[in-house]
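*Asks:* All chains, full assembly: derive it from the sequences and hints.
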Amino acid sequence: MPMIATEELTKIYRGAIKAVDQVTFEVEKGEIFGFLGPNGAGKTTTIKVLTTLLRPTAGRAEVAGYDVERLPREVRDRIGYVGQNIGVDELATGRENLSLYGHLYRLDSKTIRSRVEHLLALVDLTGQEDRLIKTYSGGMRKRLDIAMGLIHHPQVLFLDEPTVGLDPQTRAHIWDYIRALRTEQGITIFLTTHYMDEADHLVDRIAIIDYGRIVALGTPAKLKSEISGDVVTLSLAVDRPDELDSAIQQTCALIADQPFIRQLQRRDSDLNVYVDNGEYAIPLLMRSLEGKGIVVRSISLARPSLDDVFLKHTGHTIRDEEGQPTSWAQMLRDSRRRQH
Numbered sequence: 003m004p005m006i007a008t009e010e011l012t013k014i015y016r017g018a019i020k021a022v023d024q025v026t027f028e029v030e031k032g033e034i035f036g037f038l039g040p041n042g043a044g045k046t047t048t049i050k051v052l053t054t055l056l057r058p059t060a061g062r063a064e065v066a067g068y069d070v071e072r073l074p075r076e077v078r079d080r081i082g083y084v085g086q087n088i089g090v091d092e093l094a095t096g097r098e099n100l101s102l103y104g105h106l107y108r109l110d111s112k113t114i115r116s117r118v119e120h121l122l123a124l125v126d127l128t129g130q131e132d133r134l135i136k137t138y139s140g141g142m143r144k145r146l147d148i149a150m151g152l153i154h155h156p157q158v159l160f161l162d163e164p165t166v167g168l169d170p171q172t173r174a175h176i177w178d179y180i181r182a183l184r185t186e187q188g189i190t191i192f193l194t195t196h197y198m199d200e201a202d203h204l205v206d207r208i209a210i211i212d213y214g215r216i217v218a219l220g221t222p223a224k225l226k227s228e229i230s231g232d233v234v235t236l237s238l239a240v241d242r243p244d245e246l247d248s249a250i251q252q253t254c255a256l257i258a259d260q261p262f263i264r265q266l267q268r269r270d271s272d273l274n275v276y277v278d279n280g281e282y283a284i285p286l287l288m289r290s291l292e293g294k295g296i297v298v299r300s301i302s303l304a305r306p307s308l309d310d311v312f313l314k315h316t317g318h319t320i321r322d323e324e325g326q327p328t329s330w331a332q333m334l335r336d337s338r339r340r341q342h
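In terms of the working numbering, the sequence shown opens at residue 3 and continues consecutively.
It cannot be assumed that every hint is accurate.
Ranges of calculated distance between the beta carbons of each label pair, as one might list FRET restraints [what the hints assert, rightly or not]: (1) Phe262 / Asp126: 49 to 57 Å; (2) Gln267 / Asp69: 19 to 27 Å; (3) Asp126 / Arg16: 42 to 50 Å; (4) Gly17 / Gly129: 32 to 40 Å.
Read the hints as simulated data drawn from the structure, not as lab findings.
No residue lacks a Cβ here, since even glycine has one placed at the ideal position from N, Cα and C.
*Replies:* This is the structure in structure tokens:
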């Protein structure tokens with residue numbers, strides 16, 4: 003039996019904002035499963051429905067074998083939830099924060115003491131437990147936040163953007179703790195992210211979600227294998243920014259009919275050219291553009307990445323500024339974009 007299962011799950015906010023649109027997927031026991039998508043894609047809304055914080059508009063969802071609408075108390079007893087915003091008391095110590103959560107879950111004092119010591123060791127905070135949280139670094143606070151979501155030993159842990167805003171080294175450490183939870187505790191983990199490397203290196207399977215719909219689902223390796231061959235990225239030189247669109251269009255027109263090209267896809271200010279053999283294709287591409295008024299500033303060759311998978315299925319990229327909390331106004335704008 004899957005630990006999480008949804009069937010045509012839908013959530014519509016007032017103003018006809020369809021945040022989640024007929025989403026269907028399953029997560030197996032002990033799996034690290036991820037939602038990859040930009041801000042406003044429906045990631046957080048899906049987690050809030052699965053954790054019983056929101057009621058779905060249509061469809062159904064089960065967590066740990068219990069329906070989230072009919073049996074919300076049973077679901078809550080079996081899950082942990084760590085949101086985007088760190089939920090710790092800065093004027094309390096690490097030990098006090100963990101102990102408070104234990105009491106909120108009505109654990110007895112002996113169990114709380116045992117669980118606190120175990121979790122402090124798990125997230126590498128032993129020796130720091132009696133310091134006030136206001137003296138903790140951002141990474142320490144996030145690790146404590148994750149530990150607080152584990153105090154009652156849940157079967158499923160939901161992590162909403164667990165590493166947003168952290169530096170690369172701290173993010174890598176958080177990944178290690180998440181892997182340890184699955185390996186040592188046997189916990190099923192559902193996380194959301196907008197970081198491509200996090201999706202690529204941390205999760206077992208990932209669903210790409212965009213405008214409330216799942217557009218691709220599979221292991222990172224499988225999704226990347228669907229884009230065979232190489233990716234040649236052309237960066238064009240233009241005198242003024244307003245000339246870039248015209249230069250890319252002209253480039254596409256000049257090379258689109260070449261037999262060695264599988265696909266052309268614009269990526270921000272660059273042009274991705276998907277080919278079978280990049281080393282063979284690069285000199286042919288340069289020859290096709292030579293003397294045609296197109297100046298190539300730089301050219302690079304790479305294997306397909308999750309960025310390319312996302313671009314293929316959505317037609318756009320996830321920008322670096324993604325992952326910040328979604329405002330109501332932005333959700334409304336995103337909804338209007340979906341309708342057009």
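*Asks:* Hints the structure violates: just list their numbers, smallest first.
*Replies:* 2 and 4
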